[in-house]
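Read off the chains here:
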Amino acid sequence: MSSKKTPGINSTSTADIAFLLLCYFLMSSSMGSQSGLSRRLPPMPAENQQLEDQKVNRRNIIVVRINSSDRLFAGSEPMDISQLKDRIKVFLTNPNNDPDLPERKLTAIEGLGEEYPVSQGVISLQNDRGTSYQAYIAVQNELVKAINELRDEFSLARYGKVFTALDEDTQEIVKDAIPQNISEAEPVDIGNRR
Amino acid sequence: MSKFSKRPREDAPGISTASMSDIVFMLLFFFMVTTQLRETENMVQVNTPEASEVVKLVRKDLNSYINIGPPIRSLQAQYGNEPRIQLNDAFRSTTDIRDFIAAERESRSEGDRQFMTVSIRADQNVRMGIITDVKQELRRCSALNIMYSARKPAHLE
Numbered sequence: 001m002s003s004k005k006t007p008g009i010n011s012t013s014t015a016d017i018a019f020l021l022l023c024y025f026l027m028s029s030s031m032g033s034q035s036g037l038s039r040r041l042p043p044m045p046a047e048n049q050q051l052e053d054q055k056v057n058r059r060n061i062i063v064v065r066i067n068s069s070d071r072l073f074a075g076s077e078p079m080d081i082s083q084l085k086d087r088i089k090v091f092l093t094n095p096n097n098d099p100d101l102p103e104r105k106l107t108a109i110e111g112l113g114e115e116y117p118v119s120q121g122v123i124s125l126q127n128d129r130g131t132s133y134q135a136y137i138a139v140q141n142e143l144v145k146a147i148n149e150l151r152d153e154f155s156l157a158r159y160g161k162v163f164t165a166l167d168e169d170t171q172e173i174v175k176d177a178i179p180q181n182i183s184e185a186e187p188v189d190i191g192n193r194r
Numbered sequence: 001m002s003k004f005s006k007r008p009r010e011d012a013p014g015i016s017t018a019s020m021s022d023i024v025f026m027l028l029f030f031f032m033v034t035t036q037l038r039e040t041e042n043m044v045q046v047n048t049p050e051a052s053e054v055v056k057l058v059r060k061d062l063n064s065y066i067n068i069g070p071p072i073r074s075l076q077a078q079y080g081n082e083p084r085i086q087l088n089d090a091f092r093s094t095t096d097i098r099d100f101i102a103a104e105r106e107s108r109s110e111g112d113r114q115f116m117t118v119s120i121r122a123d124q125n126v127r128m129g130i131i132t133d134v135k136q137e138l139r140r141c142s143a144l145n146i147m148y149s150a151r152k153p154a155h156l157e
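Those sequence lines, one after another, are chains A and B.
The first sequence maps to residues 1 to 194 in this note's numbering.
The second sequence maps to residues 1 to 157 in this note's numbering.
Don't read these hints as lab results, they were simulated from the structure.
Fair warning: there could be bad hints in the mix.
[Unchecked claim] Covered stretches of chain B, as calculated for chain A (at least 3 residues, CB under 8 Å): (1) 21-35; (2) 57-64; (3) 115-126; (4) 144-155.
[What the hints assert, rightly or not] Far from chain B, by Cβ distances over 12 Å, these chain A residues were calculated: (5) Val-63; (6) Glu-77; (7) Asp-80; (8) Phe-154; (9) Ala-157.
Virtual Cβ for every residue (Gly too), placed ideally from N, Cα, C.
Model the full assembly from the supplied sequences, consistent with the hints where possible.
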């Protein structure tokens with residue numbers, strides 16, 4: 001009877017609608033990117049095991065303390081946070097072979113081809129229960145910054161690139177040469193000890 | 001030279017855009033499947049501290065979050081404004097962390113379990129006491145890979 005053709009639905013705008021949705025998901029999926037400071041906790045000693053006195057030479061350890069009013073002490077001297085990075089760098093490099101600073105032990109590193117004097121220094125970070133999280137992270141950040149700068153210096157001298165520009169295997173070599181020895185010791189109440 | 005101009009000018013055939021929507025839909029489905037919208041609601045205010053040396057998280061799917069901070073405004077009448085620990089979508093205490101970690105471990109495939117990371121998202125004004133408790137509990141559960149959530153200072157971005 002009726003020879004009228006049904007008009008087709010105009011579908012040119014579906015692409016636009018889909019683009020709109022696409023843009024929404026593109027934006028929302030990249031927004032929640034997480035960043036932070038990565039750490040590895042030491043394993044808990046077993047209950048019955050006596051806490052052994054770890055024989056770390058006195059010169060090899062620097063105690064960084066933050067007390068309950070967010071004051072910083074590095075190696076028992078009060079210090080501003082802006083000085084901490086340089087103090088740690090001197091501690092880890094020991095440029096003048098000071099007998100009070102950590103020894104550097106010649107270690108063969110796989111892939112480096114020669115022995116490199118690896119610093120034996122350990123940074124021991126202690127905090128009080130009343131320390132604010134902000135101050136704690138600021139100190140953690142300075143410690144990482146000191147180590148990152150040392151790694152960059154090492155990478156530039158050896159490979160002519162900064163640490164992050166190196167490939168993964170080379171990064172491992174640099175990590176072996178300049179280890180990140182930050183120990184978050186057993187919690188002690190600094191406030192009560194004095 | 002004359003090779004190109006010899007042909008008589010005719011209307012270039014229009015490119016059919018009918019398949020464009022199909023292509024875009026395909027992209028759309030891809031992003032819809034891969035995107036992870038936040039599945040839990042924040043019940044604590046978390047203003048993460050700033051740190052310049054932050055690194056990006058490599059695998060987001062292997063991450064579990066522990067939020068620590070004062071309860072949000074609407075819950076302060078009920079819970080006060082002392083910092084609390086939020087696991088999934090409820091306030092918990094440090095003793096519940098063990099179960100939380102066990103459940104998180106269970107939900108990951110066996111090969112991935114050793115790479116699991118616990119992200120501590122704590123407010124910058126929280127005291128270290130509560131975080132030390134959490135850290136000790138995590139050590140007891142041998143969930144040793146942790147990450148202190150922090151953001152890059154605005155001027156370095």
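Hint check:
Requiring three or more residues with a Cβ within less than 8 Å of a Cβ of chain A, the coverage given for the segment 21-35 of chain B holds, as 9 such residues are present. Only when three residues or more bring their CB closer than 8 Å to a CB of chain A does the claim for the segment 57-64 of chain B stand; here the count is 3, and the claim holds. Requiring three or more residues with a Cβ within less than 8 Å of a Cβ of chain A, the coverage given for the segment 115-126 of chain B holds, as 7 such residues are present. A count of 9 residues in the segment 144-155 of chain B with a Cβ less than 8 Å from any Cβ of chain A is obtained; the coverage claim is therefore met, three being the minimum.
The beta carbon of Val-63 of chain A is kept farther than 12 Å from every beta carbon of chain B, the shortest such distance being approximately 16 Å. No beta-carbon of chain B comes within 12 Å of the beta-carbon of Glu-77 of chain A; the shortest separation is about 22 Å. In this structure Asp-80 of chain A is separated from chain B by more than 12 Å, as the shortest Cβ-Cβ distance comes to about 17 Å. Every CB of chain B is more than 12 Å from the CB of Phe-154 of chain A (nearest about 17 Å), matching its label as outside the interface.
Distance check on Ala-157 of chain A: its Cβ is at least 21 Å (rounded) from any Cβ of chain B, clearing the 12 Å threshold; non-interface status holds.
Hint compliance for this structure: every hint is met.
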